[in-house]
Amino acid sequence: MSHIVNVLLIGAGEINFGSVEGPWNHTLRLEKILGSRLRVVALVDPDRSRATDALNSKLRSAVPEAWKDCALFPTVADAAASIPPQSVPHIAIVGAPPFVRGTDIPGQDLELQLVNAFPKCALFVEKPVSSGPEDPCWRVAQKFAASRTLVGVGYMLRYLKAVQMIKRIISDYGLVVMGTNARYVMAYEWARKPAWWDKARSGGRDLSRYFGGDVLLPSVVAHTVQHSEPPGRLSATRFDEGPIPAENRLPRLTSATWKYAGGAVGTLTHVIALHGTTYDTELEVYADGWHFKLVDPYSTPKLCVRRPGSAEVEVHTFTGDDPFYTELATFVDVVEGRRESEGVLSSYEDAIKTYELTWAIRRASERAAEDYI
1 MSHIVNVLLI GAGEINFGSV EGPWNHTLRL EKILGSRLRV VALVDPDRSR ATDALNSKLR
61 SAVPEAWKDC ALFPTVADAA ASIPPQSVPH IAIVGAPPFV RGTDIPGQDL ELQLVNAFPK
121 CALFVEKPVS SGPEDPCWRV AQKFAASRTL VGVGYMLRYL KAVQMIKRII SDYGLVVMGT
181 NARYVMAYEW ARKPAWWDKA RSGGRDLSRY FGGDVLLPSV VAHTVQHSEP PGRLSATRFD
241 EGPIPAENRL PRLTSATWKY AGGAVGTLTH VIALHGTTYD TELEVYADGW HFKLVDPYST
301 PKLCVRRPGS AEVEVHTFTG DDPFYTELAT FVDVVEGRRE SEGVLSSYED AIKTYELTWA
361 IRRASERAAE DYI
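Residue numbers (UniProt numbering): 1 to 373.
One thing to keep in mind: the hints can contain errors.
The calculated DSS-like cross-link candidates involving lysine-lysine, where the alpha carbons are at most 27 Å apart (straight line), are [said to hold, decoys possible]:
#1 68 / 58
#2 259 / 293
#3 167 / 293
#4 167 / 353
#5 161 / 127
#6 32 / 120
#7 58 / 127
#8 143 / 293
#9 302 / 161
#10 127 / 167
#11 353 / 161
#12 120 / 353
#13 120 / 259
#14 32 / 68
#15 32 / 161
#16 127 / 259
#17 161 / 143
#18 32 / 293
#19 353 / 259
#20 167 / 259
It should be emphasised that the hints constitute simulated quantities derived from the structure, not laboratory data.
Sequences and hints are given; from them, build the entire structure.
And the structure:
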(Lines of atoms letter the chains of each structure in order from A and count residues from 1; the text may use other names and numbers.)
(Lines give C-alpha, C1' and ligand atoms only; values in the text may rest on other atoms or scores of the structure.)
Protein backbone atom coordinates (compact mmCIF):
# COMPACT_ATOMS: atom_id res chain seq x y z
CA MET A 1 0.00 0.00 0.00
CA SER A 2 1.17 3.55 -0.74
CA HIS A 3 2.10 5.96 2.02
CA ILE A 4 -1.20 7.75 1.47
CA VAL A 5 -4.28 5.76 2.53
CA ASN A 6 -7.27 6.33 0.26
CA VAL A 7 -10.54 6.03 2.19
CA LEU A 8 -14.06 5.78 0.79
CA LEU A 9 -16.88 6.69 3.15
CA ILE A 10 -20.35 5.21 2.78
CA GLY A 11 -22.88 7.28 4.70
CA ALA A 12 -22.82 10.90 5.86
CA GLY A 13 -24.69 10.27 9.10
CA GLU A 14 -23.86 9.80 12.77
CA ILE A 15 -21.79 6.63 12.40
CA ASN A 16 -19.15 8.35 10.29
CA PHE A 17 -19.50 11.95 11.46
CA GLY A 18 -20.80 11.79 15.04
CA SER A 19 -23.85 13.10 16.92
CA VAL A 20 -25.23 13.65 20.42
CA GLU A 21 -26.82 10.19 20.23
CA GLY A 22 -23.63 8.31 20.97
CA PRO A 23 -19.84 8.14 20.73
CA TRP A 24 -19.70 6.98 17.11
CA ASN A 25 -17.52 9.12 14.82
CA HIS A 26 -15.33 7.02 12.54
CA THR A 27 -13.88 9.96 10.62
CA LEU A 28 -12.56 11.58 13.79
CA ARG A 29 -10.72 8.37 14.71
CA LEU A 30 -9.32 7.96 11.20
CA GLU A 31 -7.97 11.50 11.32
CA LYS A 32 -6.12 10.66 14.54
CA ILE A 33 -4.88 7.27 13.34
CA LEU A 34 -3.66 8.23 9.88
CA GLY A 35 -2.83 11.91 10.34
CA SER A 36 -1.33 13.37 7.19
CA ARG A 37 -1.59 9.98 5.44
CA LEU A 38 -5.39 10.14 5.33
CA ARG A 39 -6.96 10.99 2.01
CA VAL A 40 -10.75 10.77 1.85
CA VAL A 41 -11.40 10.24 -1.85
CA ALA A 42 -15.19 10.10 -1.83
CA LEU A 43 -18.32 10.20 0.29
CA VAL A 44 -21.32 8.22 -0.93
CA ASP A 45 -24.76 9.22 0.35
CA PRO A 46 -28.04 9.64 -1.56
CA ASP A 47 -28.82 12.72 0.55
CA ARG A 48 -26.76 15.37 -1.24
CA SER A 49 -27.54 18.07 1.31
CA ARG A 50 -26.45 15.95 4.25
CA ALA A 51 -23.28 14.88 2.45
CA THR A 52 -22.45 18.48 1.56
CA ASP A 53 -22.92 19.61 5.15
CA ALA A 54 -20.71 16.79 6.43
CA LEU A 55 -17.94 17.58 3.95
CA ASN A 56 -18.08 21.32 4.57
CA SER A 57 -17.73 20.77 8.30
CA LYS A 58 -14.54 18.81 7.65
CA LEU A 59 -13.16 21.42 5.25
CA ARG A 60 -13.57 23.96 8.05
CA SER A 61 -11.92 21.67 10.62
CA ALA A 62 -8.29 21.39 11.70
CA VAL A 63 -7.57 18.74 9.03
CA PRO A 64 -8.94 20.10 5.73
CA GLU A 65 -6.03 18.62 3.76
CA ALA A 66 -7.40 15.10 4.22
CA TRP A 67 -10.73 16.19 2.72
CA LYS A 68 -9.82 18.63 -0.04
CA ASP A 69 -10.10 16.03 -2.81
CA CYS A 70 -13.25 14.33 -1.48
CA ALA A 71 -15.96 13.95 -4.12
CA LEU A 72 -19.65 13.41 -3.38
CA PHE A 73 -21.66 10.66 -5.06
CA PRO A 74 -25.21 9.34 -4.57
CA THR A 75 -24.31 5.70 -5.27
CA VAL A 76 -21.37 3.32 -5.30
CA ALA A 77 -21.82 2.92 -9.07
CA ASP A 78 -21.42 6.66 -9.57
CA ALA A 79 -18.29 6.66 -7.43
CA ALA A 80 -16.81 3.72 -9.33
CA ALA A 81 -17.41 5.44 -12.65
CA SER A 82 -15.69 8.66 -11.58
CA ILE A 83 -12.88 7.86 -9.14
CA PRO A 84 -9.54 7.97 -11.03
CA PRO A 85 -7.01 5.12 -10.72
CA GLN A 86 -4.76 7.03 -8.32
CA SER A 87 -7.70 7.52 -5.96
CA VAL A 88 -9.02 3.96 -5.85
CA PRO A 89 -9.82 3.32 -2.18
CA HIS A 90 -7.75 1.05 0.02
CA ILE A 91 -10.39 1.06 2.77
CA ALA A 92 -14.15 1.62 2.66
CA ILE A 93 -15.95 2.56 5.87
CA VAL A 94 -19.53 1.33 5.54
CA GLY A 95 -21.64 3.44 7.87
CA ALA A 96 -24.90 3.26 5.93
CA PRO A 97 -28.03 1.90 7.66
CA PRO A 98 -28.30 -1.90 7.89
CA PHE A 99 -31.43 -2.06 5.74
CA VAL A 100 -29.38 -1.23 2.61
CA ARG A 101 -26.73 -3.90 3.12
CA GLY A 102 -26.05 -7.45 4.23
CA THR A 103 -27.89 -9.18 1.38
CA ASP A 104 -27.48 -10.09 -2.28
CA ILE A 105 -30.81 -8.43 -3.13
CA PRO A 106 -30.43 -5.42 -5.46
CA GLY A 107 -30.78 -2.22 -3.47
CA GLN A 108 -29.82 -4.00 -0.25
CA ASP A 109 -26.41 -5.25 -1.40
CA LEU A 110 -24.08 -2.37 -0.60
CA GLU A 111 -21.11 -4.55 0.32
CA LEU A 112 -21.33 -6.56 -2.88
CA GLN A 113 -21.52 -3.35 -4.90
CA LEU A 114 -18.26 -2.28 -3.24
CA VAL A 115 -16.56 -5.63 -3.86
CA ASN A 116 -17.51 -5.51 -7.54
CA ALA A 117 -16.50 -1.87 -7.95
CA PHE A 118 -13.27 -1.97 -5.93
CA PRO A 119 -12.06 -5.59 -5.72
CA LYS A 120 -8.92 -4.82 -3.69
CA CYS A 121 -10.63 -2.57 -1.15
CA ALA A 122 -10.91 -3.70 2.49
CA LEU A 123 -14.32 -3.15 4.09
CA PHE A 124 -15.02 -1.98 7.61
CA VAL A 125 -18.75 -2.53 8.16
CA GLU A 126 -20.75 -1.06 11.02
CA LYS A 127 -22.94 -3.37 13.09
CA PRO A 128 -25.40 -5.03 12.75
CA VAL A 129 -24.63 -6.73 9.46
CA SER A 130 -28.18 -6.33 8.14
CA SER A 131 -31.79 -5.83 9.17
CA GLY A 132 -33.44 -8.60 7.15
CA PRO A 133 -33.35 -12.40 7.38
CA GLU A 134 -30.06 -14.11 8.11
CA ASP A 135 -29.67 -16.42 5.09
CA PRO A 136 -28.70 -13.66 2.61
CA CYS A 137 -25.95 -12.58 5.01
CA TRP A 138 -24.30 -15.98 4.67
CA ARG A 139 -24.41 -15.66 0.89
CA VAL A 140 -22.65 -12.31 1.20
CA ALA A 141 -20.04 -13.95 3.44
CA GLN A 142 -19.45 -16.62 0.80
CA LYS A 143 -18.78 -13.94 -1.80
CA PHE A 144 -16.35 -12.20 0.55
CA ALA A 145 -14.50 -15.48 0.96
CA ALA A 146 -14.42 -16.11 -2.79
CA SER A 147 -13.05 -12.63 -3.47
CA ARG A 148 -10.64 -12.79 -0.49
CA THR A 149 -11.96 -9.46 0.73
CA LEU A 150 -10.79 -8.36 4.17
CA VAL A 151 -13.88 -7.44 6.20
CA GLY A 152 -14.18 -6.28 9.79
CA VAL A 153 -17.41 -5.52 11.66
CA GLY A 154 -17.68 -2.74 14.23
CA TYR A 155 -18.37 -4.62 17.44
CA MET A 156 -16.04 -2.20 19.18
CA LEU A 157 -16.53 -3.41 22.77
CA ARG A 158 -14.43 -6.48 21.97
CA TYR A 159 -11.43 -4.14 21.76
CA LEU A 160 -11.79 -2.71 25.27
CA LYS A 161 -8.78 -3.29 27.51
CA ALA A 162 -11.11 -4.61 30.20
CA VAL A 163 -12.66 -7.13 27.81
CA GLN A 164 -9.23 -8.30 26.66
CA MET A 165 -8.16 -8.62 30.29
CA ILE A 166 -11.05 -11.04 30.90
CA LYS A 167 -10.11 -13.01 27.78
CA ARG A 168 -6.48 -13.15 28.88
CA ILE A 169 -7.33 -14.44 32.38
CA ILE A 170 -9.67 -17.07 30.93
CA SER A 171 -6.89 -18.22 28.60
CA ASP A 172 -4.06 -18.06 31.16
CA TYR A 173 -5.97 -20.07 33.79
CA GLY A 174 -7.68 -22.45 31.37
CA LEU A 175 -11.11 -21.42 32.60
CA VAL A 176 -14.35 -22.81 31.21
CA VAL A 177 -17.08 -20.19 31.12
CA MET A 178 -20.15 -21.24 33.13
CA GLY A 179 -22.43 -18.35 32.22
CA THR A 180 -22.82 -14.79 30.99
CA ASN A 181 -25.25 -12.14 32.16
CA ALA A 182 -25.61 -8.95 30.11
CA ARG A 183 -27.65 -5.90 31.06
CA TYR A 184 -28.04 -3.03 28.60
CA VAL A 185 -30.17 -0.04 29.59
CA MET A 186 -30.50 2.47 26.78
CA ALA A 187 -30.76 6.24 27.22
CA TYR A 188 -33.40 6.95 24.60
CA GLU A 189 -34.20 10.66 24.93
CA TRP A 190 -31.90 11.80 22.10
CA ALA A 191 -32.30 8.68 19.94
CA ARG A 192 -34.44 10.51 17.41
CA LYS A 193 -33.83 8.52 14.23
CA PRO A 194 -36.87 6.32 13.46
CA ALA A 195 -34.54 3.56 12.22
CA TRP A 196 -33.23 3.16 15.78
CA TRP A 197 -36.78 2.32 16.93
CA ASP A 198 -37.81 -0.02 14.12
CA LYS A 199 -37.29 -3.77 14.61
CA ALA A 200 -37.10 -4.16 10.83
CA ARG A 201 -34.10 -1.83 10.74
CA SER A 202 -32.17 -2.36 13.97
CA GLY A 203 -30.60 -5.12 16.06
CA GLY A 204 -27.48 -6.44 17.82
CA ARG A 205 -26.00 -8.74 20.60
CA ASP A 206 -22.30 -9.55 20.84
CA LEU A 207 -20.18 -9.49 24.00
CA SER A 208 -22.11 -12.40 25.50
CA ARG A 209 -21.18 -14.54 22.50
CA TYR A 210 -17.58 -13.31 22.63
CA PHE A 211 -17.19 -15.06 26.00
CA GLY A 212 -19.80 -17.81 25.81
CA GLY A 213 -19.21 -18.99 22.24
CA ASP A 214 -21.73 -20.29 19.75
CA VAL A 215 -25.36 -20.36 20.86
CA LEU A 216 -27.80 -23.24 20.47
CA LEU A 217 -30.40 -21.07 18.79
CA PRO A 218 -33.42 -23.37 19.44
CA SER A 219 -32.74 -22.97 23.18
CA VAL A 220 -33.52 -19.23 23.20
CA VAL A 221 -36.43 -18.16 25.41
CA ALA A 222 -37.48 -14.51 25.66
CA HIS A 223 -40.17 -12.20 27.02
CA THR A 224 -40.77 -8.52 26.39
CA VAL A 225 -42.54 -5.41 27.58
CA GLN A 226 -44.21 -4.11 24.41
CA HIS A 227 -44.70 -0.45 23.47
CA SER A 228 -48.46 -0.84 23.88
CA GLU A 229 -48.35 -2.13 27.46
CA PRO A 230 -48.60 0.30 30.41
CA PRO A 231 -44.95 -0.19 31.52
CA GLY A 232 -43.81 0.46 27.95
CA ARG A 233 -45.13 4.00 27.60
CA LEU A 234 -42.20 6.43 27.38
CA SER A 235 -42.40 10.08 28.37
CA ALA A 236 -39.27 11.62 26.83
CA THR A 237 -39.17 10.55 23.17
CA ARG A 238 -38.24 13.40 20.85
CA PHE A 239 -39.75 12.09 17.62
CA ASP A 240 -43.04 10.68 16.36
CA GLU A 241 -43.08 6.88 16.63
CA GLY A 242 -46.47 6.79 14.91
CA PRO A 243 -45.26 6.16 11.33
CA ILE A 244 -43.48 2.97 12.42
CA PRO A 245 -45.87 0.00 12.07
CA ALA A 246 -46.96 -1.24 15.48
CA GLU A 247 -45.54 -4.71 14.83
CA ASN A 248 -42.10 -3.20 14.15
CA ARG A 249 -41.81 -0.95 17.22
CA LEU A 250 -39.04 -1.91 19.59
CA PRO A 251 -39.94 -3.64 22.86
CA ARG A 252 -39.22 -1.47 25.88
CA LEU A 253 -37.71 -4.40 27.76
CA THR A 254 -36.45 -7.76 26.52
CA SER A 255 -35.39 -10.55 28.86
CA ALA A 256 -33.78 -13.58 27.19
CA THR A 257 -31.96 -16.76 28.18
CA TRP A 258 -30.19 -19.39 26.09
CA LYS A 259 -27.79 -22.32 26.15
CA TYR A 260 -24.33 -22.13 24.63
CA ALA A 261 -22.97 -25.03 22.60
CA GLY A 262 -20.20 -25.46 25.17
CA GLY A 263 -22.70 -25.96 27.99
CA ALA A 264 -22.81 -22.49 29.55
CA VAL A 265 -25.99 -20.44 29.95
CA GLY A 266 -26.48 -16.86 28.77
CA THR A 267 -28.94 -14.23 29.93
CA LEU A 268 -29.68 -10.78 28.55
CA THR A 269 -31.82 -7.87 29.72
CA HIS A 270 -32.21 -5.03 27.22
CA VAL A 271 -34.16 -1.99 28.41
CA ILE A 272 -35.19 1.30 26.78
CA ALA A 273 -35.80 3.44 29.85
CA LEU A 274 -33.21 6.10 30.70
CA HIS A 275 -33.36 9.80 29.89
CA GLY A 276 -30.37 11.90 28.84
CA THR A 277 -27.50 10.37 26.87
CA THR A 278 -25.72 8.04 29.34
CA TYR A 279 -26.36 4.32 29.00
CA ASP A 280 -26.18 1.84 31.91
CA THR A 281 -24.46 -1.33 30.79
CA GLU A 282 -22.95 -4.31 32.62
CA LEU A 283 -21.68 -7.73 31.61
CA GLU A 284 -20.92 -10.56 34.01
CA VAL A 285 -18.93 -13.69 33.19
CA TYR A 286 -18.82 -16.68 35.55
CA ALA A 287 -16.36 -19.57 35.80
CA ASP A 288 -15.37 -21.95 38.59
CA GLY A 289 -13.98 -19.74 41.35
CA TRP A 290 -14.21 -16.59 39.24
CA HIS A 291 -16.61 -13.71 38.75
CA PHE A 292 -15.94 -10.92 36.24
CA LYS A 293 -18.16 -7.85 36.08
CA LEU A 294 -17.62 -5.24 33.39
CA VAL A 295 -19.31 -1.93 34.21
CA ASP A 296 -19.91 1.13 32.02
CA PRO A 297 -18.08 -0.09 28.89
CA TYR A 298 -19.32 2.88 26.83
CA SER A 299 -17.77 5.52 29.09
CA THR A 300 -15.07 4.71 31.67
CA PRO A 301 -14.90 0.91 31.78
CA LYS A 302 -14.44 -0.69 35.17
CA LEU A 303 -13.67 -4.38 35.64
CA CYS A 304 -14.45 -6.07 38.95
CA VAL A 305 -12.75 -9.44 39.47
CA ARG A 306 -13.24 -11.97 42.25
CA ARG A 307 -10.67 -14.77 42.23
CA PRO A 308 -10.55 -18.21 43.89
CA GLY A 309 -9.57 -18.18 47.56
CA SER A 310 -10.62 -14.59 48.21
CA ALA A 311 -13.86 -12.76 48.87
CA GLU A 312 -12.25 -9.44 48.01
CA VAL A 313 -13.09 -7.87 44.68
CA GLU A 314 -10.32 -6.36 42.58
CA VAL A 315 -11.37 -3.21 40.77
CA HIS A 316 -9.59 -2.15 37.59
CA THR A 317 -10.55 1.18 36.04
CA PHE A 318 -9.59 1.93 32.44
CA THR A 319 -9.60 5.66 31.75
CA GLY A 320 -9.15 7.03 28.26
CA ASP A 321 -9.78 3.68 26.57
CA ASP A 322 -11.43 4.33 23.20
CA PRO A 323 -12.48 1.02 21.60
CA PHE A 324 -13.61 2.82 18.43
CA TYR A 325 -10.06 4.07 17.97
CA THR A 326 -8.54 0.68 18.76
CA GLU A 327 -10.77 -1.25 16.36
CA LEU A 328 -10.03 1.12 13.47
CA ALA A 329 -6.31 1.34 14.28
CA THR A 330 -6.18 -2.46 14.34
CA PHE A 331 -8.05 -2.68 11.04
CA VAL A 332 -5.64 -0.22 9.39
CA ASP A 333 -2.68 -2.23 10.72
CA VAL A 334 -4.10 -5.43 9.21
CA VAL A 335 -4.80 -3.73 5.88
CA GLU A 336 -1.23 -2.41 5.77
CA GLY A 337 0.28 -5.77 6.75
CA ARG A 338 1.56 -4.82 10.20
CA ARG A 339 -0.75 -7.32 11.90
CA GLU A 340 -2.24 -10.68 11.00
CA SER A 341 -5.91 -10.85 10.03
CA GLU A 342 -6.70 -12.46 13.40
CA GLY A 343 -6.22 -9.00 14.88
CA VAL A 344 -9.67 -8.15 13.53
CA LEU A 345 -11.75 -9.38 16.46
CA SER A 346 -15.11 -9.48 14.69
CA SER A 347 -15.13 -11.15 11.30
CA TYR A 348 -18.16 -10.93 9.05
CA GLU A 349 -19.00 -14.58 9.65
CA ASP A 350 -18.83 -14.19 13.41
CA ALA A 351 -20.95 -11.03 13.24
CA ILE A 352 -23.62 -13.02 11.41
CA LYS A 353 -23.76 -15.41 14.37
CA THR A 354 -24.45 -12.47 16.67
CA TYR A 355 -27.12 -11.34 14.22
CA GLU A 356 -28.65 -14.83 14.25
CA LEU A 357 -28.89 -14.62 18.04
CA THR A 358 -30.64 -11.25 17.71
CA TRP A 359 -33.24 -12.80 15.41
CA ALA A 360 -33.65 -15.86 17.63
CA ILE A 361 -34.39 -13.59 20.61
CA ARG A 362 -36.85 -11.55 18.58
CA ARG A 363 -38.71 -14.60 17.29
CA ALA A 364 -38.82 -16.23 20.72
CA SER A 365 -40.20 -13.06 22.31
CA GLU A 366 -42.84 -12.67 19.60
CA ARG A 367 -43.96 -16.28 20.05
CA ALA A 368 -44.23 -15.72 23.80
CA ALA A 369 -46.12 -12.46 23.34
CA GLU A 370 -48.83 -14.25 21.37
CA ASP A 371 -49.85 -15.94 24.62
CA TYR A 372 -50.36 -12.80 26.68
CA ILE A 373 -51.01 -9.85 24.35
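Now the hints, each set against the structure:
For the suggested pair residue 68 and residue 58, the alpha carbons sit about 9 Å apart, so the restraint of at most 27 Å is met. As the CA atoms of residue 259 and residue 293 are separated by approximately 20 Å, the hinted pair is consistent with the 27 Å bound. At most 27 Å may separate the alpha-carbon atoms for a hinted pair to count; residue 167 and residue 293 meet this at roughly 13 Å. For the given pair, residue 167 sits about 19 Å from residue 353 by alpha-carbon distance, which is consistent with the 27 Å threshold.
Between residue 161 and residue 127 the CA atoms are separated by roughly 20 Å; this keeps the pair inside 27 Å, and the hint holds. For a cut-off of 27 Å, the pair hint linking residue 32 to residue 120 stands: about 24 Å separates their Cα positions. Between residue 58 and residue 127 the alpha-carbon distance is near 24 Å, which keeps this suggested pair within the 27 Å criterion. At most 27 Å may separate the alpha-carbon atoms for a hinted pair to count; residue 143 and residue 293 exceed this at roughly 38 Å.
With a C-alpha separation of about 10 Å, the suggested pair residue 302 and residue 161 falls inside the 27 Å cut-off, and the hint holds. At most 27 Å may separate the alpha-carbon atoms for a hinted pair to count; residue 127 and residue 167 meet this at roughly 22 Å. A threshold of 27 Å between alpha carbons decides the hint, and for residue 353 with residue 161 the separation of about 23 Å falls inside it, so the pair holds. Between the alpha carbons of residue 120 and residue 353 the distance comes to roughly 26 Å, so the proposed pair stays at or under 27 Å and holds.
For the given pair, residue 120 sits about 39 Å from residue 259 by alpha-carbon distance, which is inconsistent with the 27 Å threshold. Between the alpha carbons of residue 32 and residue 68 the distance comes to roughly 17 Å, so the proposed pair stays at or under 27 Å and holds. The suggested pairing of residue 32 with residue 161 holds, with an alpha-carbon distance near 19 Å, which does not exceed 27 Å. Straight-line distance between C-alpha atoms of residue 127 and residue 259 comes to about 24 Å, which keeps the hinted pair within the 27 Å bound.
The straight-line distance between the Cα atoms of residue 161 and residue 143 is roughly 33 Å, outside the 27 Å bound, and the hint therefore fails. In summary, the hint linking residue 32 to residue 293 is not supported, as the alpha carbons are separated by about 31 Å, beyond the 27 Å threshold. At most 27 Å may separate the alpha-carbon atoms for a hinted pair to count; residue 353 and residue 259 meet this at roughly 14 Å. Distance restraint check for residue 167 and residue 259: the Cα-Cα separation of roughly 20 Å lies within the 27 Å cut-off, and the hinted pair is therefore satisfied.
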